Amino acid sequence: MVELSHDSRPIIGRGPPLAASFLTLSVASIALMVADKRYDQLATVREWLSAAAYPVQVAVDTPFRAWGWISGSFADRGRLRQENLELTARLRLANLQLQRFAALEDENRRLRDMRENSAGVADRVLVASILNVDLDPFRHRVLLDKGAADGVFKGQAVLDAEGIFGQVSQVHAKTAEVILISDAEHAIPVQSNRSGLRTIAVGTGDSDRLSLPFVTVEADLRVGDLLISTGIGGVFPSGYPVAEVTRVDRTAAATFALVEARPTARLDRDREVLLVWFDPPVTPAEPAEAGPPGPADPAPAGTPATESADSATAEAPQ
Amino acid sequence: MRPSDFTRRLLYWLSVAAGLLLAIVPLPDWLSPVRPDLALLAVIYWILNSPRIAGLGYAWLAGLFLDVLRGMTLGQHALGFVLVAFLTHRAQLRMRMFPILHQAGAVMLLLAAYHFVIFWTDGLTGHGYTGWNRWLPVLSGALLWPLIAAGGDTLTRRSR
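Protein chains in written order, with the working numbering: chain A, 1 to 318; chain B, 319 to 478.
For the record, the hints were derived by calculation from the structure and aren't laboratory data. None of these values were measured; they are calculated from a predicted model. Cβ coordinates follow ideal geometry from the N, Cα and C atoms, glycine included. Heads up, a few of these hints could be off.
To be verified - Pairwise CB distance ranges, derived in the manner of DEER restraints:
no. : chain 1 : residue 1 : chain 2 : residue 2 : range
1   : B       : A336      : A       : A20       : 22 to 32 Å
2   : B       : G375      : A       : F256      : 27 to 37 Å
3   : B       : T448      : A       : A31       : 20 to 30 Å
4   : B       : R408      : A       : D249      : 50 to 60 Å
To be verified - Which stretches of chain B does chain A cover? Using the computed rule of at least three CB atoms under 8 Å from a CB of chain A, they are:
no. : region
5   : 323 to 334
6   : 365 to 376
7   : 383 to 391
8   : 416 to 422
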C-alpha cells in the first residue's frame, strides 16, 4: 500500500480535513465541559439527552428486575414463611418502640414549639427503587427511578430504613442521580447523640467508612457513639442516624484526632430508598411555607457537597 | 467482495451501541473497576477496519452519550473518544499492518491516552480519584483486543 497521506478517506466528498474536525470537536467538548461545570448552563440540554438515555437505562435495568421478580415469585414456601415470621416479629417490636416514640415525638414537638423551632421533621416520603445501572465505579452515585415528574428536586434528602443515605445531585425527567454520603465529594453535618458535639462527616469513597477530619484531640467523642444529622444547612432533616463511630485515634502531637465512622444506612445493599420532604428550618422573619416544597422550589441552602468538596477531596484518604 | 457500505455502517453503529449498553450493566464490585471500554474498542476496531465509514463525528456522539448515561460532566468522554478516534485515524495505515500482539500494544497506548484525558478532566472538575485501579481498564482492554479483532473480522467476513 502506498502511503500518500494519513487520511485514507476518498478524496471526493471526504468532508473537512481530519485535523480540522478533530480540533472542532475537541473545542466543542471543552466548551461543553466548561458550560456544564462552571456555568451550569446545560440543564435543558441535559434534560433532552437524559430523556434519550432513559430507555437505555431501563433496558439495562429490566432483565435484573425481571430476574428479581421471577426468583421472588418462585421462592419456596418454607422460606417465605420463615421470612413472614421474622417480619411479624420485627413489626411487633417496632410497634412497641413506636408507642414510646409517639409520646416522645409529641413531647419533642411541644418543646421545639416552645422554642419556635419545629423544623426538620420529615412529613412526606416517597419510596424510590435504585435502577440496576452502574455509573462510575469510583464514585458513589446511584440512579433512582423517580424524577422531576414525581416532584423530586435537587438537594433532596434520601434515607433508607437505617439512616441517611445521600442526597439528590441531579434530577432528570424520570430519573434522579443520588450522591451517597460515602462519596468522596460528599460531606454532611453531624452531631454526637451522646455528647452533642457537632462536626462534619466526609465520605471516603469506601462504602462502610466515613471520615471525621475536624474533631480536635480533646473533643468528647468515643467509639460506639451514634452520629445523627443536625439539620444545619437545610438539606437533611435533623435527628436521623448517620453513622456510628468505629475508630478514634488521638496522638498528642496532632491538633485533630483521626476519627472514622461506619454509616448506619446500608449503602451498598439497598435496593429501595426513601425520598423525604420536610419543612426546611425557617428564619423567624419569614413565615413557614405551607406544604412540602415542590419541584419548582430550589434546594434549600444549596448543597453541602459542593461547599466542602475541596476539603473532602483533600482530606479523603484514597 | 467486502460487505456493502450500508451493512458495515449498520454493524458499526450496532457494535458501538452495544458497547455503550455494556458500559452501564451492573457488575459485581470486584469486577466493576476492570470493566473494559467496549464502546471505545468498537470505535477503534471500525476505524481500522473501514476508516471511510467510521469518522470522528460518530465517535464524539458516542462519547457524549456515555457522559449522559453515566451522569458525568458533559464532554469528558466525548473528548476522550474524539482524541482516540483522531490518533487511530492518523495511525491506521500502520496499525493495520501490525501483528496482533503489536496491535494490542498500540491499542493499550490509545486506551492510556483516553484514560489520561478522563483522569485529567476529572481532576479539573474536582472528582480526583487517584487510586491505581482506575487504570485497570487500559490493561483489560488491551488483553481483550485480540478477541475483539478476531470477532470483528469473523463478523465482517461472514456478512459478505
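Quiz prompt | Given coverage of the region 383 to 391 of chain B by chain A, checked by CB-CB distance under 8 Å (3 or more) | solution = Since 7 is at least three, the answer is holds.
Quiz item: So the hint says 20 to 30 Å: do the beta-carbon atoms of T448(B) and A31(A) match that?
Solution: holds, 27 Å
Exercise. For the range 22 to 32 Å, tell me whether the beta carbons of A336(B) and A20(A) fit it or not.
Key: At 30 Å between Cβs, range holds.
Self-check item: Claimed coverage, the region 416 to 422 of chain B by chain A - three or more beta carbons nearer than 8 Å
Solution: Our answer is that it is violated, as 0 residues pass the Cβ test (under 8 Å) against chain A, missing three.
Exercise. State whether the coverage of the region 365 to 376 of chain B by chain A holds or is violated, taking the criterion as 3 or more residues with Cβ-Cβ distances under 8 Å.
Key: holds (count 5)
Quiz prompt | Satisfaction of the hinted span 27 to 37 Å by the C-beta atoms belonging to G375(B) and F256(A) | solution = violated, 52 Å
Quiz item: Within the assertion that chain A covers the region 323 to 334 of chain B, do at least three residues meet a Cβ-to-Cβ distance smaller than 8 Å?
Solution: Per the Cβ count (0), the hint is violated.
Self-check item: R408(B) versus D249(A) beta-carbon gap, inside 50 to 60 Å or not
Solution: Because 53 Å falls inside the window, the suggested range holds.
Hint check: violations occur at hints 2, 5, 8; the rest are consistent with the structure.
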